[in-house]
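Assemble chain B onto chain A, guided by the hints.
Protein sequence lines, in the order shown, are assigned to chains A and B. Here the first sequence is numbered in numbering that gives the first Met the number 0, starting from 0 and rising by one per residue. Here the second sequence is numbered in numbering that gives the first Met the number 0, starting from 0 and rising by one per residue.
Hints listed in this document are in silico derivations from the structure and should not be mistaken for laboratory results. Think of the CB as a built atom: it goes at the ideal place given N, C-alpha and C, for glycine as much as any other residue. Just so you know, not all the hints are guaranteed correct.
[Stated by the list, open to error] With the Cβ distance kept under 10 Å, some of the chain A side facing chain B (calculated, not the full set): (1) GLY98; (2) TYR105; (3) ASP109; (4) LYS125.
These are the residues of each chain, in order.
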Amino acid sequence: MNLTDNNLAGNGYALRIESISKAYTQGRDTLLVLDKLSLVVEQGMSVVITGDSGSGKTSLLSIASGLDSPDSGKVYFMDQEYSSLQEPQRQAIRASRTGFVFQFHYLLEDLTVLENIMIPLLIQKKRISYAQDEAYELLEKIGLVDHARKRPPHLSGGECQRVAVARALVHKPAVLFADEPTGSLDEKNADEVIRLMFDLVRVQNASLIMVTHNKQYATLAHQRYHLSHGTLSHKGSSAIGATSQSDTPYEHSAMPSSRV
Amino acid sequence: MEILTLLIRKSLFMPSRRNKEGLLLIVLSLSVGVASIVVVLSIMNEMQDQIIRSLVSIESYDAVLYPTVDIRDSLVQFYNELYTVVDSIDGTIGSALGSAQSDTRNNARGDSLTAVAFSDQAVYVSSPNNSQVMQLRVLDYERANQDTVLLDALNITNFDKGAIVIGALLAQKLQVWYGDVVEVNFVPQSGGFVPQQHNLFIYDVFYSASLYDSGWGFMDIHHYRELFGDYPSSMNIGLRHSRILDNTSIDKLGSMRTWQENNRAFYYALRVEKIMISLLLVVIFFIIVLHYYFVQWRRIFSKHKDIIALRALGYSTRYIRLWFLLETAIVGIVSITCGTLLGFMISRYRATIIDTVGMLFRYRFSIDFGTTFFFSFKELVVLVIGIMCALLWVSFFASRNISRMTSMEFYREFN
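The shape of chain B in the complex, shown without the other chains:
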């Protein structure tokens, strides 16, 4: 192994000037390739995140359950049935509706399962200064307070019973703020429902990235029942937990539609976008791999004289191939590390980079996804292992000629 160590040490870390330049170019080109994958992946992730955040923060339940039972008559029973099912899939459950108890458990992944009853209806809301139509979501506040995804999306800490929460844009139009009181006119949902008017206290104002969200308001389901003597006529259950989709026993409680089904057009648009960017990633990946195959093939060719000498001196083909494989492993690790860091830097400062380039060309790019950096550890691991395996494989493939050619064939080539 000492000769292998010597060969690698000298050819990689202390190469001659000519080989040094070649080696630097290999590392540089691989790094740029890896960086481009990181940047594209980061842009893809962030774009999806931004789109989802800006469009569907309120509607972002993994699934919505449309109950088959009459909720108004047996809502407590329905919830209890639902929670029994939910409990069996190892998530976090809240108390039954109508109970002050709260039971929170975390599953192994640390995810929280939320099952929140809600009902949407249009209302007319007035302030002393203005009037607006508002989409009102009647919500089980107690359970919604466990839904950290929703709270984060709305930038609020919690919902408070007996008060409403409205979007900042709506508040601005009404010229009201939290602490103020607005007049809400409930219009009939069905025959026999008498229009009612109530003055409601604004507990909080939420900010959301979504324009869609900004016309919404939230009200507690218990407060609704106090005002109207009954639950809303039509209630759905928003579920947020990927594993709930795998549970078949929940089907008996009602029909369930996933987020993808509820947002079909948008979901397919996102999928197309994801497929296109994934294709781009695959193309970049193959360019990197083919580029390295060519580079390695050339590198082995340029070292033919060394190979002739080593074989004539009795060094085995197996070790010569191992030499090139270990070189690839080291070059790969260095290039992937540099490329990933470069990709991180470009992703982090790409808005600045785009602006600078735009200024150089006297053109302002309108693309700005903000400065949020978005790259998961899992993707990083897949990227590193994937590229590393591919480089090693093409290196092995490129070095196959060494063993196919006899020493004499090598020798004749240079004599």
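Bound-form chain A, shown alone:
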């Protein structure tokens, strides 16, 4: 299956999940975490999914992002059925069309901040000089250009997570997946990271799918869902989304602002 930009070009939606189920077996017990769940995310839209611990948020995100496979159901990325692909083909899509922000930053500590951000472009076999330019550009946007040559252990948690967001977006993915991206941060840093992420996604016209405990952040998204007992319940829509119209989103973002 040839996955080119053309056949990945969407028909209005970035991600479509059709009736997926996922169960985990522990000993004799089987726990059904996702029960015929469906979701559609349009291109450029942001979706926040809330839910209690153990409700299956991470499982949903991992299936949606292609890190895991559903037991049943289908996942379409653009118009491409994603869930039935082999791992190498999914890797190819992950490398070129998706970004992922984890609860912890997972930056490679032997690499500098700049090199960490360059990784997705190098995986796509882009030239180092091009990757450096792109990474520097993002570093400027997130206000960490002075830290380009530092290693992650020399940065604060909030700064590391901002770098992780930049790394997830440097190759301009169609969809950004974020799994509790502020889970390990204090409130101030968490706000900064969320603003940054929403602003960058908006500027790049990417879709965002984020799972979080924090219901306050849910108000920033176009669509809000709550995951419980394996199913999603729609908790509201917003024409607002995030956020400013600035080209340097991190420095000038304000939430919320008007956007249709």
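Only chain B this time, still in chain A's reference frame:
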């Protein structure tokens, strides 16, 4: 490949402080392991060499041929037959007995084949100062002069016709030196042989590491014939060339016994020693390999977060495994190089090291194999390739979990 280069460059050559210490410990431990193999191998080789040198320099022919023909009647014919066979195995041959001609050729390996007629008998030797029993080896000097192994073992340049060569210890007891004349009493070897006494000129005195050798003397077979009118009654042919043992046509000339057969007890003692040290080498080798497997397994585990991130970003498992394999190749090359050099140093100066350690503990070790360094290139190549292959294999084996676990399994482990 640029990301692979970047990952290897940063994780191996510019690692963070924590990883740097771990990496140094890996290289250090592997180097010590390799050095211990080099030292043990070197000691084993040198010990064998020393033992063989000190005990069997005279008796160190690869094989001895015990002729089935009556040599005294047809010695020239016998030699010619022998040389024909010898010539067919691409070695170096000497002239036929009784001929002044010499024909020397080298085979492809540069080895020289020597086939030397000899006969051993006990004689009584006297000087104006002392008398001793001497083991006399009546030898074809002309051919013995081509036997560089024997000449080296005896520390002499050549044998000279018409004169005898005796061991230094014997010379010391007799209080004679080269240039002197000793009186040699030949005792009967068989019925009808009349005891004879001859004054013989000492051409040279040999030094050998072997106490056994020091009671020996050598005499030319032609000189013997001049004195007694005949060759010795019993002659054997010493052969020095490993490939002669493979030649079956030589069997018709007589029965052949190898060095191992002639020195069975000693040979088996050496074999046992070699097997024990080889076992020690195998144990060290496995300790190194298992140690590296554990280290690599831990290293991969400690990089799980990196692996999660790389896989989530779309980096393939194949390249992640290649990353660890290339790291192993570089760590292996550095460790083996350092370990080999360290092993060389310890082997070269181990006498000094042992003495120093002995002084620290106020105990003098009696082990001293001298300072000769002994390590063959072939063994070095086998060592390097063997350890390198083993490290790569265990690294590949240790990294198999990367592909077995799904990205999500990795992810869940840390969430």
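Now the hints, each set against the structure:
1. Satisfaction of the interface hint for A/GLY98 is found here, the shortest Cβ-Cβ separation to chain B being roughly 8 Å, below the 10 Å cut-off.
2. Taking 10 Å as the C-beta contact cut-off toward chain B, the hint placing A/TYR105 at the interface holds, the least distance being around 4 Å.
3. A hinted interface residue such as A/ASP109 counts as satisfied when its beta carbon comes closer than 10 Å to some beta carbon of chain B; here the least separation is about 4 Å, so the hint holds.
4. For A/LYS125, the shortest C-beta to C-beta distance to chain B is roughly 9 Å, which falls under 10 Å, so the interface hint holds.
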